[in-house]
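**Student:** Going down the list, the protein sequences come from chains A and B. The first sequence lines up with residues 617 to 1092 when you count with the working numbering. The second sequence lines up with residues 141 to 623 when you count with the working numbering.
Some hints could be false.
Within a straight-line C-alpha distance of at most 27 Å, the following computed DSSO-like cross-link-like pairs (lysine-lysine) qualify [unchecked claim]: (1) A/K695 <-> B/K492; (2) A/K730 <-> A/K786; (3) B/K513 <-> A/K745; (4) B/K600 <-> B/K396; (5) A/K695 <-> B/K585; (6) A/K907 <-> A/K922; (7) B/K431 <-> A/K695; (8) A/K830 <-> A/K787; (9) B/K600 <-> A/K695; (10) B/K516 <-> A/K903; (11) A/K1072 <-> A/K1061; (12) A/K1059 <-> A/K1090.
None of these hints come from the bench; they were simulated from the model.
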Amino acid sequence: MQWETVIGLEIHAQLATRSKIFSGASTAYGAAPNTQACAIDLGMPGVLPVLNEQAVRMAVKFGMAIEAEIAPYSVFARKNYFYPDLPKGYQISQFELPIVGNGHLDILLDGEIKRIGVTRAHLEEDAGKSLHEDFHGLTGVDLNRAGTPLLEIVSEPDMRSAKEAVAYMKKLHALVRYLEICDGNMQEGSFRCDANVSVRPAGQQEFGTRTEIKNLNSFRFVEKAINFEVERQIDVLESGGVVVQETRLYDSARDETRPMRSKEEANDYRYFPDPDLLPVVVEDALKEAVKAELPELPDAKRERFKSQYGQDQDNASALTASRELADYFEALVQESGCDAKLCSNWVMGELAGALNRNALEITASPIGHERLAGLLQRIADNTISGKIAKQVFEEMWQGDATADAIIEAKGLRQITDSGAIEKIIDQVIADNPGQVKQYLGGKDKLFGFFVGQVMKATQGKANPAEVNKMLKEKLR
Amino acid sequence: MHNKTIAELARGLRGGEYSSRELTGVFLGRIQRHQDLNCYITVAEVQALEAADRADAQLAGGKAGPLTGIPIAQKDIFCSRGIKTSCGSKMLDNFISPYDATVVEKFHSAGAVLLGKLNMDEFAMGSSNETSYYGVVKNPWNLDAVPGGSSGVSAAAVAARLAPGATGTDTGGSIRQPAAFCGITGMKPTYGRVSRYGMIAFASSLDQGGPMTRSAEDAALMLQVMAGFDAKDSTSVDRPLPDYTTGLDDDLRGLKIGLPREFFGAGLNSEVAARIEAAVDEYRRLGAEVKELSMPSLQLSVPVYYVIAPAECSANLSRYDGVRYGYRCADPADLTDLYTRSRGEAFGAEVKRRILIGTYALSAGYYDAYYLKAQKVRRLISEEFQRAFAEVDVLMGPVTPTTAFGIGEKTADPIEMYLSDIYTIAVNLAGLPAVSIPAGFVEDKPVGLQIIGDYFTEAKLLNIAHRYQQVTDWHGRIPQGYE
């Protein structure tokens, strides 16, 4: 039987506010346990929450970016359950009336654009962390993270493969960083995902029974976990079984999902409006103000890169995948005055490769756009060839010298003097009479051999175009 | 000295008749002598005398405010830094707050002297002060009777002259009912007028702190300190604070008083009714016009309250889990054991009952029928009050159906106990201000008159109460044995 996969994602994006959503404590990551939890975060008797305006603003910004309805009136509710890292015994979240309603996000996969619906996005506070190591059979609780603002973004069940899910997640990841509402740091848990997965016979209208895979904190895990889960569900169904609606955990070490204890499933959260907080009223003035602050968004930027810089769909998408990369590219074009294609080839080629090998973000690139511009200018003005440029790039990566300094110091300047090149060509022809004879006898492929010999003799410094032209003449 | 009102004491302090240290000493001595009433959970003797010395220095420097050097007592529901804050519960018997409630801080800044922390019904859940972990409290007017609840001890302490004034909190009548039972003046301000920050929550949408004093003038002086916008409480209302004392003597001619028929129905003791009618006649003599009106939805306030208040409390009390502070059971076997035994061993029966009711009312499948329906009726009650205030300036009626009942009389029947708040609860549901003032006695036990006003009419209510106290002396009576 043919099976169709149906996926919906719930993504928790930690909002990049300085202080917590309901208290003045800092949200900075990595402090000593319980040093960034004030009386409010600790759930002391008598304390009260006060909503962080920045968190609201960021949620509105997100809503506008996905062309969603912004609720003029939304309500915080208490989600009741007991857990040691949940200080109040309830989490303040939004339930019936979230701040962001229906919106959408377009993803690009294999050259096709697909629209994914966003059901809602709501504000809530994060819980603390339970630490099971180092306490000799006891559990430690760190409440630094308690009260950190989260935006939970819930998609429609619109994705049909793990690849689509990852594309959606990446797109969302790029968007929240474009908007500067989330640092997107997945290792620190700033951007994490729960995946709802089901399968159904191809062509069937009704959804199959879904399972929810919790707390996936990398794109790779999302893909692997979904793929595993899809296979598992198909196996269950094809062997005559039924999929049980449950919450599962992905074990990356074993590359499998397995059910969480069923006890945690049976929760009735007894949501009700939090009487300590007033409804959130978003006035038009706020929406206008936020709209004015909206940066150029990824899709608009991609289209502009296509028209302004002559990039194809894939390149334009890749260059606009992050705001920082796009900014780098544009600064490079501006600074170098070189052809945009040359710039994009280098950004997507050498630079991206080197960053990848060293696991660096573009913002941490050892070669800033000014230095790279200096290198590209030397390619453009034929001071060096593309091949030599790669060598210069390597040197630049290791230190902080400019391209010109390296070219000078290493004598890499391209030989464009036709007299000098002619001499070397004559020498190559004289040294290889056999090959000359074969070539003139019709073995055209040997032309490359002569180019190689000339380049070798000049340590690659001869201008390749010039070499080609002159060799053609000499070997006529 | 202890029989003087706050207003009188303030004049004495400023006139140099006595120092705050002397005054504080007098009250600390009385607290010591009258331990039988079981009023104080914590007496903050050392801090009180230090605060008195600071106040005396301010008085000497001519920098004194109206409350500088005045000893007051806090209900043990207000968090006080460095001083135990128990909320009347075994759960918080070991809890020392790391911070001051806004109300506590305001009294500190006003130069008042904190004598100590007063007993109360556990987590403010009770109408008789019989649910406290720290034991039953007696009514100074009749040692076999309850002082009311949950701020019954604040009322008892003020009536017995163990503090010139005290704070209380009112969720369903917890200031007004004990004020009535103990023959003192108690005001529940408009919801949002007094900050709830640091006031341990029972039912967040209903809780409101207020003053409990021997006169309306004193209530005005204390409210002046307690009230005001607080950015730390999102439900606090940002609007200018009037001067509560300037209008106290305003003339009452032309005042329109409404008497809701529902306040004078079958459940009302006829002797109590007679005192209330006499008080209303007094207002007629002061030039007020009186008319009867009907507010049928008031009848629904008790059932509505006993859905909403327990629902909110069931979540508010979840933080007491034995993990971070407060009581923790010995040797928990696992997490569930830690939760169930810590809570099971440290909460009293009434608190457990309300957590259970609230948890049930919020459960899937019941939420719409109970909580949501209760919220709708709550809105109807508020609207009915607004219609009434379109016709009259204030409403008057009894605070309670009877005078203080006997200790142990209603503990076996929670419903019977809940019905003792039948006239006060609707005011909390609507968020309105109301004051309870002494209006006579039945069999030597005080009767309270309730005056309810529209939102933010505290100054008017205090004016109305003060004028009555100028022509009567019920509020000046002293219980025998506490002269």
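**Student:** Each hint: holds or not?
**Tutor:** The hints, checked one at a time:
1. A/K695 <-> B/K492: holds (20 Å)
2. A/K730 <-> A/K786: Holds, at roughly 14 Å.
3. B/K513 <-> A/K745: Violated, at about 37 Å.
4. B/K600 <-> B/K396: The given pair, whose Cα atoms are some 12 Å apart, holds under the 27 Å limit.
5. A/K695 <-> B/K585: violated (46 Å)
6. A/K907 <-> A/K922: Measuring from Cα to Cα gives roughly 25 Å; hence the hint holds.
7. B/K431 <-> A/K695: violated (47 Å)
8. A/K830 <-> A/K787: holds (20 Å)
9. B/K600 <-> A/K695: violated (41 Å)
10. B/K516 <-> A/K903: Measuring from Cα to Cα gives roughly 31 Å; hence the hint is violated.
11. A/K1072 <-> A/K1061: At roughly 18 Å apart (the allowed maximum being 27 Å), A/K1061 and A/K1072 satisfy the hint.
12. A/K1059 <-> A/K1090: holds (16 Å)
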